[in-house]
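Visitor: Given next are the chains, with one letter for each unit.
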Amino acid sequence: MTTQTITRVRKSMNWRLIGAWALVAVALAVTILPFLWMLRTALSSNHSLASNSTNLLPADFSWGAFKRVFGMQSAEEAIAEGGSGANIDFWLYLRNSILFSTVTTAGQVFFSALAAYAFARLRWPGRDKVFALFLATMMIPPIFTALPNFLLIKNLGLLNTFAGLTLPFVFMSAFGIFFLRQFFMSMSREVEEAAMLDGAKHLRIFFQIVLPNAAAPMATLALLTFIGQWNEYFWPLLVGQEENVRVLTVGLSVFKSQSPQGAPDWSGLMAATIVAAVPVLILFIAFGKKVVNSIGFSGIK
Amino acid sequence: MMTTLTNNPPTRSDPRRPARSGGLRRGAARLGDLRIALLFIVPALIGFIAFCLVPTIRGVYLSFTEYSVLGEPEWIGVKNYTAIFADELFWNAMAVTVQYVGINIGLQTLIALGLALLMHRVAKSTLIRGALLLPFLVANVIVALLWFWMLDYQLGIVNEVISWLGLPRIAFFGSEQWAIPTIAFVNVWRHMGYTALLIFAGLQAIPNHVYEVASLDGASPARTFWSITMPLLRPVLALVLVVTVIGSFQVFDTVAVTTGGGPVNASRVIQMYIYQKAFGESDFGYASALSVILFVILALVAFIQMKFLKGNESDLD
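From first to last, the protein sequence lines stand for chains L and V.
Be aware that the first sequence starts at 1, since it is given in UniProt numbering, and climbs by one per residue.
Be aware that the second sequence starts at 1, since it is given in UniProt numbering, and climbs by one per residue.
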C-alpha cells in the first residue's frame, strides 16, 4: 500500500467514527430527552403549558403538581391549577408499592434459593424431572394463569388484600430458581464437604456457607425481581383496585382517567410518573453496573 | 417479568461438573437427601402447584365451560372455541396484534442490532449502556403515560414540532390508522436498549481472532458484518427474537393506559380482548378459551422460530 491509500483509509475511518458517534448521540438524546420533558412538565403550571409548549425549561415554574400528587393542596387549589380536585393519596400508593415489591422480592429470592439448592446440591429421585417441569412453566404466558389465579384469590376472599396481591409471586419464580441453581452448581463443593465431614447438616451448610457465598448473585436477582415487581401492572389491576392496596402503577392510570372536564392535568400526571419512577432510578444509579452486566446470554446455554 | 435471559456471574468455569462419585455418604445419604430436599423445596412447590400447575389445568378446563363467576362452571365442550372462530372481534384482535408485533419487532430488532454494534465497536462505556437501558427499567405504564403526553394532539411536544415544520398534526392515539403503530413505537422506545444489550452480549461471545483474520484478508466492514458477524450471531438473534416476539404478543399495559383498545377496535390486542371478556363481560369460559389459543400460538411461534433460525445450533464450533 502506498502512503496515500493509507491516509485515505485513515480519513474514511475517521469519518466513519464520527458518524458512529453521531448515531450514539442520537440514540442517547432519544432515550434521555423524554425523561427531561417529563421533569420539565412536572415543574410547570398547567395553564402555561399551552402558551409555552416548546421551551425546554419549565413553563411558569411551580411545585403545585407535586403538591397535588401528595395531597398537599386543597381541592379548590388543585382545580384552580388544572388538577382534578379528586382525592389522590400517593403516599399510600407509594407505601403499597414498597410493601408489595419488597415482600414478593424477599419471598421469591429466599424460597427460590432454597429450591435451587435442592436442585443443585441434593440428590433425590425425580429431581431433574421436577426441575424440567418448573422450567417449562416459564413458557406459559402470565395471562393464562392470571384468570384462574384471580378466581382462586376471589374464592379465598382475598381480593383487595395484600395477601391476594402477593401470594402468586411470593413462593417462587422459575427464573429465580434456574438462575440460582446455575450459580450453586458452579460453586466449589470443598468447603461444604469439609463441613459435612464435621457433621454439619444441610440446613446449617445452606445458611452458613452457601448463602453468604451466593450474596452477589442473590443481590442481582433481588434487584431484577424488585424492579419487575415495582413495574407490575396486570395482577395488581385485577386484584388490587381498592385504595388501601392500590400500587403506584394502578394509581397512575386512575390519575389519568380522573382528569376533569377540560384538558388533562398533565403536570400532575408527569409529577406522579416521576414519583413512581424515582425509586427504581435510585436503585439503578446505585447498582446500575450490576443490572447492565447481568443482562446477557450465557445463563441460557 | 423482567429478564428471562440473564448472565451468570462467570465464577468457576465448569458448571456441570459431575458430583463426586464414591463419596463417603453414598447409599446412606440417599433417603436422607430426599427428606431434606423436601424441606428445601416445599415453599416453592406450594407456590408452583397452587399458582402455576393447578391454574394451568384449571384454565384449560374453564375453556370448555361457560362460567360467569357466579355459580358453577358449566361444561359446554368446544362451544367456546367454535364461537371464537366465528367471532369477528377475535379475528380483528389477532390482526391488530400481528400488526403490532410486526411493527414492534421489525423496528426494535433493527435498531437494537445497530445499537449493539455501536456498543460493541464504538461506545464501549458501561455508562452509555446503562443510559440506553433506562427506559426499560421504568414501568410500562409510566412510559405509556409519558408518550401519551408527548404525543398529545393539542399540546404534545411532538405535534408542536410537527406543526412547526408546517405539517398537519397527527392524532397518534386517537386515529384508527395511527393507534397501533404509535403503541408499537412507544414499546420500541422502551425495549430497544434492553434488546441491544442482549444482542451485545452475543457480539461479545464472537472471538476476536475471527475478525482479525477477516481484516488481514482485507474484508470490508460490510462484508465482515454479513459474512462473519451475522452468521455467528444467529443463535443469539434467534433467542432474542423468540423472547421478544413472545413478549410482544402479550402487549397489554401500554394499550390499557392509552387507548383502552380504541378508537373503535383499532388497538384491541388479544390480551386486551381477553381482559375485557373476563372482567368486562364476566365471561371467564370464553376468556379462558382465548388464552388457550394465545398460549398455543405462542408455543407455535417459539417452535417455528427455533426451528427456522436453528437457534440451538452454533456455527462457532
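Read the hints as simulated data drawn from the structure, not as lab findings.
A couple of the hints might just be wrong.
Label-pair restraints from in silico Cβ distances [as the list claims (entries may be wrong)]:
hint	chain 1	residue 1	chain 2	residue 2	range
1	L	Gly19	V	Glu212	21 to 31 Å
2	V	Arg169	L	Thr102	39 to 49 Å
3	L	Leu133	V	Gly280	30 to 40 Å
4	L	Gly71	V	Gly71	56 to 66 Å
5	V	Lys124	L	Val278	21 to 31 Å
6	L	Val278	V	Lys79	25 to 35 Å
7	L	Leu211	V	Gln204	48 to 58 Å
8	V	Asn208	L	Asn244	37 to 47 Å
9	V	Ala299	L	Leu211	29 to 39 Å
10	L	Asn14	V	Leu300	43 to 53 Å
11	L	Arg204	V	Val54	50 to 60 Å
All of these numbers come straight from a predicted model, not from anything done at the bench.
The beta-carbon is built from N, C-alpha and C at its ideal position, and this holds for glycine as well.
Visitor: Run every hint past the structure and note whether it holds.
Guide: Each hint, compared with the structure:
1. L:Gly19 with V:Glu212: 21 to 31 Å: 24 Å Cβ-Cβ, so the 21 to 31 Å window holds.
2. V:Arg169 with L:Thr102: 39 to 49 Å: holds, 44 Å
3. L:Leu133 with V:Gly280: 30 to 40 Å: holds, 34 Å
4. L:Gly71 with V:Gly71: 56 to 66 Å: violated, 42 Å
5. V:Lys124 with L:Val278: 21 to 31 Å: At 29 Å between Cβs, range holds.
6. L:Val278 with V:Lys79: 25 to 35 Å: violated, 50 Å
7. L:Leu211 with V:Gln204: 48 to 58 Å: violated, 30 Å
8. V:Asn208 with L:Asn244: 37 to 47 Å: violated, 57 Å
9. V:Ala299 with L:Leu211: 29 to 39 Å: holds, 36 Å
10. L:Asn14 with V:Leu300: 43 to 53 Å: About 49 Å separates the Cβ atoms of L:Asn14 and V:Leu300, which means 43 to 53 Å holds.
11. L:Arg204 with V:Val54: 50 to 60 Å: Given a distance of about 34 Å, which is not inside 50 to 60 Å, the answer is violated.
Of the numbered hints stated above, those contradicted by the structure are hints 4, 6, 7, 8, 11, listed in ascending order.
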